[in-house]
Amino acid sequence: MKQFLNIIIKLGSIDRRYIFILVGLSVLIPLIRPIDIPIRATSQSQDVFNALDALTPNSKVLVSFEYGPSTKPEIHPMSMGILRKLFSDGHKVYATALWPDGIFMSVEALNQTEEEFSLEYGVDYVNLGFRPGNEAVVKGVAADIRTLYTSDTRGNHIDDISMMDGINNINDFDFVFSLSAGYPGTKEWVQYACDPHDIPMSTGCTSIQVTEVLPYVEAGQVKGILAGMPGAAEFEKLVNIPGEATGMMAAQSFAHLVIVAFIIFGNITYFLKRRSDKKNLGEK
Amino acid sequence: MLMKRQIPLLIVIVVGLITLFGHFIANEGVQNFVDNDSTQWYDIIASFAIFLGGLNLLKLQLLKIYKKQKNWQYSILAVVGFFFAITVGFFFRGANTISVTGINAEKVEQAAEMIAEETGESTSSILSSISDPSADYELQKIYKTHGGAEDFSQKLEAYGETQIEPIEWGAHLSATRGETGSLFNWMFVYIFTPLSATMFALLAFFVASASYRAFRIRNFEATLLLVAGIILMLGRVPIGEYIPAWLIGVFFVMGLGALLAPFIKNRKITLGIVAIGSLIFLIIGFTNGWNPAIPGFFHLPVMQEWIFQVPTTAGARAIMIGIGLGIVGTSFRIIIGIERSFLGEQ
Amino acid sequence: MFTIEVFGTWFAVFLTLAIFSYLYDDNPFYKAAEYIFVGVSAGYWTVTFFWTQVQPNLFGRLWPSLETVNADSIFIKIWYGIYNIFGIFLTGIFPKGGIVGHPEIRFIYIIPLILGIFMLLRLVPSVGWLARWALAYIVGMAAGLRFYGFLNSDIMNQIKATVVDFSGSWVSILNGVIIIIGTLTGLLYFFFSREQTGVLGKLSKVGIYFLMISFGASFGFAVMGRISLLIGRFNDLIEFSSSSHNYATFWLLAIMIIVLGAWAFQKKSESGEEVTN
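Those protein sequences? They're chains A, B and C, same order as listed.
Counting along the first sequence from 1, when you hit position 41 you're at 1528 in the working numbering, and nothing is skipped either side.
Counting along the second sequence from 1, when you hit position 246 you're at 253 in the working numbering, and nothing is skipped either side.
Counting along the third sequence from 1, when you hit position 126 you're at 468 in the working numbering, and nothing is skipped either side.
These are calculated hints, taken from the structure and not from any lab test.
We put the beta carbon where it would ideally sit given N, CA and C, even for glycine.
Be aware that one or more of the hints could be misleading.
Said to hold, decoys possible - Pairwise CB distance ranges, derived in the manner of DEER restraints:
1. B:250 with C:540: 37 to 45 Å
2. B:63 with A:1728: 43 to 51 Å
3. C:609 with B:63: 32 to 40 Å
4. B:153 with C:426: 23 to 31 Å
5. B:157 with A:1649: 31 to 39 Å
6. C:452 with B:348: 25 to 33 Å
7. C:344 with A:1500: 30 to 38 Å
Only chain A is shown next, with the shape it has when bound in the complex (with noise of 0.2 Å):
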């Protein structure tokens, strides 16, 4: 018993690298060999979900890609989901992009919409892409969007694009969406843009930001949130879409698992080891 006990104090303090295999393959393994996990939706993405839905048909959209290469995984197939429902359901999207990566991005996501929904640019959905400057961007598109964006990622001259014709400022447009990962992003359309000339927005935003933006959630300045990977899974579930996030729940699962795992086995080895001290300490 006693040796056994040894071991499991030792344990506590084992070399990283093993914990680093073992979680590589908690993540590894359920994504060579998935299985089907149903999910249930959180009342905060179902409130993403009514916001989008209440819009009637042939609403300006603004679509706000703030992310890039290093948070895709967790943004991007909530981009995909919310594109999918906004083009499905007959909404028009303005794509613009607070961070550079979110030109590439929303470039990606719109061309594969393109595709899915047959739309035509320019009269479906515009990209008018980065612009740099953070909250004087959001400030920007608050007053006056034309100054700021003179021509899309294509290269064609704003006032040649049919469906930009009556939009000058964010007054025009009927909801916002904030696809954030951090600054600038979801804070900045609330404080600069949505608050201040009462729009309704909706975030989809990175695990990390959460706690960040829950305050806005609550007090209903933003309509319902998707929380990173998992929340973009639920409203894959939502609209009835199975995209890339759906199959990943089970690796998001079991690495969790995993995780919790180690805390409550690192506390045991805690436990036993101060014990174990403070009768040594005793017996001297």
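Fit chains B and C to the known structure of chain A by using the hints.
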């Protein structure tokens, strides 16, 4: 002194006040400046700040190579990477497209087959795109070199009139056609993406190893943190649905026992509370056919939702208001010229 | 067929594995990838910021297309003469006939151009202080924007939202009360953290509990996010290990393990020699 300190201070105060109170000044010029030009100036200057960052990095890396400091060999890679990005950004777009017009109506299928082989699409999808053979059709492929485009366009000449067109400067950054893109886009997809994505993914391993080695239940506060974290981690993912609520209930009773233990002298009472509590949850589980969702409050997704919407919101809101007050205070001090740390040393 | 895209795929797999090799130890593969990342990102940022703002919205306002500008005066002719000189060297940035977009020349935009150049002068030690003028604009405007933004969205609206709706169910009333207690005591902790005695001390202790739960949630979300990113990366590696990519992942993984093994062995024997010496 005047140039180095007073003028910058004046700029800060004037710009800050105009940004904040510009809307109250009933003057068209001021209004226009506040709404449009002032933010545009900010965007432009911010862009120059980025250029400064790039140039500064280049200077540091070049100095490192010049002085042969430790690891200077790697700095060559950084410099090469920088110049590669600059080259494909400003000097060599590597983005040529071919369009073909007036395809002979009888030869449409042959032309489509040839294009399909070149671009990797299916012949049928190309045929559906060429609804009107006499109209302009752009190939879904970007040629990195003009020569490469010319080779194929010459072959295509047999079917119709071809034209090679480079993608416009500026639009070349994110230009893609099918699986191919401009050189800048190539750099983004095959160099920037794997590097930045993997850098971030690497942290998963370190977070895991930190949770194993560093998260210890040392006191009540740490316990709260860990329990909230674990419930969230399990409750947010689909697997949380299948962890039985009665089992969580039993854990809860045990935790309660551990918390109460120091306050109750008689060990038998503590043990009794734990035993009876556990039994109650086991009975609840048994009578409901071990349904994982009963009792409701101990079901992980439900617990997670409550923790998220109530105590976490309260804590996050306190943090938000606290930080907000700090930023508003600092901004105010900057605007009225008290806070001058951005001016640096004398 | 060997194309630049095929090469790109192999290179991307190599870079991914090179970064992951840091899990074993800091090594030349990782270092090389890290430095490439630093260099490429700096260039990437410079290029994108130039093409999305400086070219269209600064140069585009200083030299808009001649189709919309009346170029009769001698001054305007000289002005576009300067432009044409730039255009000789950089036809992409300064296309013939001006930049299409803005309808009229805005000479006032010389001010942000000068401030921008001042910013770059940071690199010249003797006149580096001029960068403060540009920095002052950024700082002043950010302060003005944030003062209103945070006051309105993060303070006023949050306080407004922290009320109990007594018309709701008893559960929602209870939750509302808990949120009020948590928010107030949390703030108490921030502002009276020094006084840990008396009633204030006890209340701020309650505040700590709420903050801890909040941090716990943040921790849970942090784990969740990192795992998702790892899933994304593994997904790509799995895709590139297929036969359609010529098993790129497997080949490169094998080569890297061999090289790293040799490198580690060499390092070990070197340090061993040092000890014996």
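Outcome of the hint check:
{"no.": "1", "hint": "B:250 with C:540: 37 to 45 Å", "result": "holds (42 Å)"}
{"no.": "2", "hint": "B:63 with A:1728: 43 to 51 Å", "result": "holds (46 Å)"}
{"no.": "3", "hint": "C:609 with B:63: 32 to 40 Å", "result": "holds (33 Å)"}
{"no.": "4", "hint": "B:153 with C:426: 23 to 31 Å", "result": "holds (25 Å)"}
{"no.": "5", "hint": "B:157 with A:1649: 31 to 39 Å", "result": "holds (35 Å)"}
{"no.": "6", "hint": "C:452 with B:348: 25 to 33 Å", "result": "holds (30 Å)"}
{"no.": "7", "hint": "C:344 with A:1500: 30 to 38 Å", "result": "violated (50 Å)"}
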